[in-house]
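Asker: This is what each chain is made of:
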Amino acid sequence: MVPLSYYLVLSGFLFVCGVLGFLIKRNIITIFMSIELMLNGVNLSFVAFAAQWHSLSGQIFVFFVMVVAAAEAAVGLAIIIAVYRTRETLNVDQVNLLKL
Amino acid sequence: MLHLILFLFFGAICVAGAVNLLVQSHPINSALSLIVVMASLAAEYLLLGAEFVAAVQVIVYAGAIMVLFVITIMLLNAGAEQHTKGSRVAILIGVPGALIGAVLVAWTLLTRGHTGSVAMGALPGSPQDIARLLFHEFLLPFEITSVLILIAIMGAVVLASRPEAIARRHTESHQPDPLPQERQPAPQLVGSGKEH
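In the order they appear, the protein sequences are chains A and B. Using the numbering used here, the first residue of the first sequence is number 1, and each one after it goes up by one. Using the numbering used here, the first residue of the second sequence is number 1001, and each one after it goes up by one.
Here chain A stands alone, though its shape is the one from the complex:
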């Protein structure tokens, strides 16, 4: 038996790591990976609560989060490619115009 709070602390740690990466990283691809890390942390807490309450709905939500993450990764990486084509850089400090 593992206390549920351990799982929640691990999930919170992953989420905080994602927030930190989002703040301190300058590479746009790494920032994008930090978002995936945050989504993974949330998924872990969904599954942990589903196990706590013996309910399957938490797992269904994990699938929906995964679908949204996949769609987000596809569109986001396409945007990164488009940004790189016009600016020749991946540094977010140099991407300061919304115009492509």
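Keep in mind that the hints are not guaranteed to be accurate.
Below, in silico cross-link-like pairs of lysine to any residue (SDA-like), each with a Cα-Cα straight-line distance of 20 Å or less [said to hold, decoys possible]:
#1 Lys99(A) x Val1158(B)
#2 Lys99(A) x Ser1161(B)
#3 Lys99(A) x Ile79(A)
#4 Lys99(A) x Tyr84(A)
#5 Lys99(A) x Ala1156(B)
#6 Lys99(A) x Thr89(A)
#7 Lys99(A) x Ile81(A)
#8 Lys99(A) x Val75(A)
#9 Lys99(A) x Gly1155(B)
#10 Lys99(A) x Val1157(B)
#11 Lys99(A) x Ala1160(B)
Read the hints as simulated data drawn from the structure, not as lab findings.
Put chain B on the given structure of chain A with help from the hints.
Answerer: Positioned in the frame of chain A, the structure of chain B alone reads:
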């Protein structure tokens, strides 16, 4: 006891991968450590009894999405990130703030949160039960996500393929004779008049 040991083992791998993602400066190292995080998270799901979620985690997250990331890093030939003044400000403000938040959450959960404990393999769901739930109660969200995926595919294709940019790069890289159809005026997309 076995559950706790396995949880701590895979949790330690997970934490190490997440910290390594932050520490590394090259994106490919960050991507590989993110794969480690996702694989150990799949092991945690297995410990909770969510076999189907664990399998989907490995296939979709550690497989498909991370392959997309790695291919993008390879395609753009991404090098190590440069640190600027903005990144130092972000570190000065972001690191203490995030650490305070993490300590608060952990303290609240460990001392004040009256949550129970979970047994090994506590989740009852077989893939059959999950499918029944997904295609009966959650049928409408399921269909909506399929539309979302379709729109995402179309958006990715439109955003990532810019024919006039490809033609321009061909002429810039001193290619002697670009193909005729690449010289034709491409359909006007956003920012197509941008010149370097």
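Asker: Hints the structure violates: just list their numbers, smallest first.
Answerer: When the structure is compared with the hints, none of them turns out to be violated.
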